[in-house]
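Residue 22 in UniProt numbering sits at position 22 of the sequence shown, and the numbers go up by one each step.
Since the hints were made in silico from the structure, they are not lab data.
In silico lysine to aspartate or glutamate, EDC-like type, Cα no more than 16 Å apart, as pairs: (1) K209 - D80; (2) K205 - D176; (3) K68 - D113; (4) K209 - D257; (5) K205 - E85.
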Amino acid sequence: MSRIAVVGAGPGGLACARALHLHGLDVTVFEREASRDARWQGGTLDLHEETGQAALRAVGLFDGFLAKARPEAQDLRGVDPFTAEIVLHQPPSAGDVSAPEIDRGDLRTLLLDSLPSNVIRWGSAVEAVTPLPGGGARPALMDGTAEDFDLVVGADGAWSRVRPAVSSAVPEYLGDSFVECRLEDVDARYPELARLVGPGSFVAKADGKALFVHRTSAGEILAYARLAVPRDWYVTAGVDLADPESVRAHLLTVFGDWHGTMLDFLRHSSEFVNRALHVLPVGHTWEHVPGVTLLGDAAHLMPPMGIGANLSLVDGTDLAAAIASHADLDEAVRAYEATMLPRAAAAAQACVELTAALNNGSGVSANDARKELNDRILRR
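Make the full structure from the sequences, and use the hints.
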C-alpha cells in the first residue's frame, strides 16, 4: 500500500486525509502546530454549495457542517462610512444554504474529529521536501528527522515548504494589507455595533480604504481595515505592530474622516493583526514531479474573494478520489493536476477581475461576485 504524507492540517489537507482514510489508504499528516488547540484558528468561512459543501458531502461530513453552519450569516450590508447608515441590505432568502458561514475552528474540529488521532503528527514542522530518484519524496523536519513516502502533498498554505520541490514561484505582495481587529462579547458590550453588523457582515469603503466586518458564532466581531499601502507600511509610519495602542492610533488617524461609529470598531478592538495580502501568479503551474503535488493556497494563492478554502477542500477530495480510482499512484496525481490546475487558473483570473470591479465601485456586489466565481469554476 502506498504511503502518503500530507503537509499541513488546514481544511484542504484534512479533507484530503479524511477522504484517503475513507478509502482505506495509509496517510500521515504533518502539522507544525503543537496541538489542535495551540492557537485560535481565526474568523469565519463561507462554504459554497458548488465547491466546499460538495467536498464535505463527498467525505460524509455535510450533516456535521450543517450543525455548525450559520445560514443567517449570509446577511450582507453596505454601510456609508461617513454616516454609518445602511445603504445596501441583502438578507438571505428563507431556507438559503448556498454559502452559509462556519467558524474556521469549528470546521477544523469537524475534520480532525473524523480522523484517527494517530493520523496527525503535531509539532512536526516540515522544512523541505526532496523528490527521490526512484519515485516518492522525503520530507525533512525542523528537528532533523526525515522519512520517505510514496507521495508528499503540500497543503501548507501561502508560504509552503513543499512548493519549492515542484515550482520556483513565490507569493507576490498584492498592494493591500488588512489589519484584523477583534471585539469580544459584542452584544453585551457594544450593542450599537452589534446591531449595525447584524447576523452576518457589512462592508464600508471610500477613497481606497475599506472596513470589512463580520460576526463569529462566539459572540465576537472581526473587522478588517483595508489599506492600499506598501508591504512595510508600518515601518515608514513608525507603527509598532506589537503595541496595540500604536496600531490603534495610526488606524484612527488614517480613518479619521469616517463616522465615529465606524471608528468604534477600531477603538474597541482588543488586538490587531497585520495581514499583508499575497498572491501566486495567475495560472501558476509546474512540470509534474513524481512523488510531490500541491493543493489549496500552496498551489494557487488568490486574492481574498471567499473561494480559497472552498477550492482547497475540493482539491483535497479530488486528489484522494483520483488516488483511489487509479492503480498507478503517479497516474492518479497527473490526472488530479490536469483537473486542478486549469480550475485554479480560471478561479484566479476571476478573482483578479472581480476584486478590481469591487474596488472601483462598478456596482458589483459580493454576492454577485461569488456567483460569478462559482460559475467560472464550474465551467471548467
